[in-house]
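K.L.:
As a plain string of letters, each chain reads:
Protein chains: 2
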Amino acid sequence: MGRPKVAILSCDLIAGAAMDLVNSTGAFTIPELARRLKVSPSSLYNHVSGREQIVELLREKAMSEVRLPDLGGPWIDVVAEIARSYYRSYARYPRLIPLMTAYPVGSRQAVAMYDALAVTLTRAGFTAEDTLRIITLIDSFVLGSALDAAAPAEPWGNAADAGPELAAALATGTARADRAEDAFEFGLAVLLRGLSRL
Amino acid sequence: MGRPKVAILSCDLIAGAAMDLVNSTGAFTIPELARRLKVSPSSLYNHVSGREQIVELLREKAMSEVRLPDLGGPWIDVVAEIARSYYRSYARYPRLIPLMTAYPVGSRQAVAMYDALAVTLTRAGFTAEDTLRIITLIDSFVLGSALDAAAPAEPWGNAADAGPELAAALATGTARADRAEDAFEFGLAVLLRGLSRL
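Respectively, the protein sequence lines represent chains A and B. Heads up, the first sequence is in the UniProt record's numbering, so the first residue is 1 and it goes up one at a time. Heads up, the second sequence is in the UniProt record's numbering, so the first residue is 1 and it goes up one at a time.
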């Protein structure tokens, strides 16, 4: 019989358990994480320095799916491709999003994406000030859209109180499986059109 | 001495306790809520039908601060004013945001805001299909920006690995108290410019 096999604690295992907790409850605490991994909180601290590092491990996990395009193309196409890949990645982990924005970005994967955006926008002729604003705009739009992608199929419920204009608008999204994706592509096009007229 | 005074359970009390839990932990469960209110879960069900209704009470609380402008002005100004008020309201409750997008909208306050947007966009000549897409774009942008407003003062940390273009962009936001608000206004102007060229 012997002792039950216990997985050796690692950063990967800690990140996986934290991701499970966030996906199911929207949050994690160190004591909960320790309970789930059947270790003491102090053993966790042998692997991670604390909550902030665990959040970075989660960010890395989500960002590892972001694919950066060749930066040589027209800036509008490069920005659009990065935004799409970022959106698809976070649409899978909507409950992570508030944690991602609540902690400073530190992971290499994330910095690589922001670097690609900054290089592309600078080459397109935007000032450093506008580059930061545009990166923030893309971030806000992508993360908000990723939350929308995880919304119920009919985000406005039956909206019994809706006036005729709202009811007509909502009817165009009803039973449309790609409502969120369609709205994301529309929004991205609006944003890029707005930027190209700066 | 007598019995300790116990506040009579009400929807307001339940919403207040749920808001406290969400603000401190990012989530709430019915058992936690009952423990915090020192009642049994079944007494909660005498006042609310369940989790979904509590989420609606929280949405009402956040939306009650949204002020709708006179809808008679130019559509760009009306949409901008609604977006600003919506942003300011949710920037106060960033941890509520994922809950808001995870449940269908039902509260009267929220429907009134979406109604005002739909009336304004329809009058501006947008089709019902585009009206839904634009409402979704505003929602995603505002909620993403509200999360950004609650981000740390330096959302990208020290970004030690940043390349020169990103470092230059980040430097323009450093120690700028209105970084998030400035980025929101910039993003709103970009969106409205993109929409006015549709």
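Heads up, a few of these hints could be off.
With the C-beta cut set under 7 Å, the calculated list includes, among others, these residues of chain A facing chain B [claimed, not checked]:
hint, residue
1, C11
2, T25
3, G50
4, V111
5, G157
6, A162
7, G194
No lab work stands behind these hints, which were simulated from the structure alone. Cβ coordinates follow ideal geometry from the N, Cα and C atoms, glycine included.
K.L.:
Please verify that hint: C11 (chain A), Cβ, nearest Cβ of chain B, below 7 Å or not.
P.N.:
19 Å, violated
K.L.:
Double-check G194 (chain A) for me: the hint is only fine if its C-beta lies closer than 7 Å to a C-beta in chain B.
P.N.:
3 Å, holds
K.L.:
Is the interface hint for G157 (chain A) satisfied, with its Cβ closer than 7 Å to some Cβ of chain B?
P.N.:
3 Å, holds
K.L.:
Holds or violated: A162 (chain A) as interface residue toward chain B, Cβ cutoff 7 Å?
P.N.:
Holds, about 6 Å.
K.L.:
Closer than 7 Å between Cβ atoms is the bar; does G50 (chain A) clear it against chain B? Give me holds or violated.
P.N.:
Violated - the Cβ of G50 (chain A) stays beyond 7 Å from chain B, reaching only about 15 Å at its closest.
K.L.:
Measuring from the C-beta of T25 (chain A) to each C-beta in chain B, is the shortest one below 7 Å?
P.N.:
5 Å, holds
K.L.:
Min Cβ distance, V111 (chain A) to chain B: is it shorter than 7 Å?
P.N.:
Given a least distance of 5 Å, the restraint on V111 (chain A) holds.
The structure does not agree with the numbered hints 1 and 3 stated previously, though it agrees with the rest.
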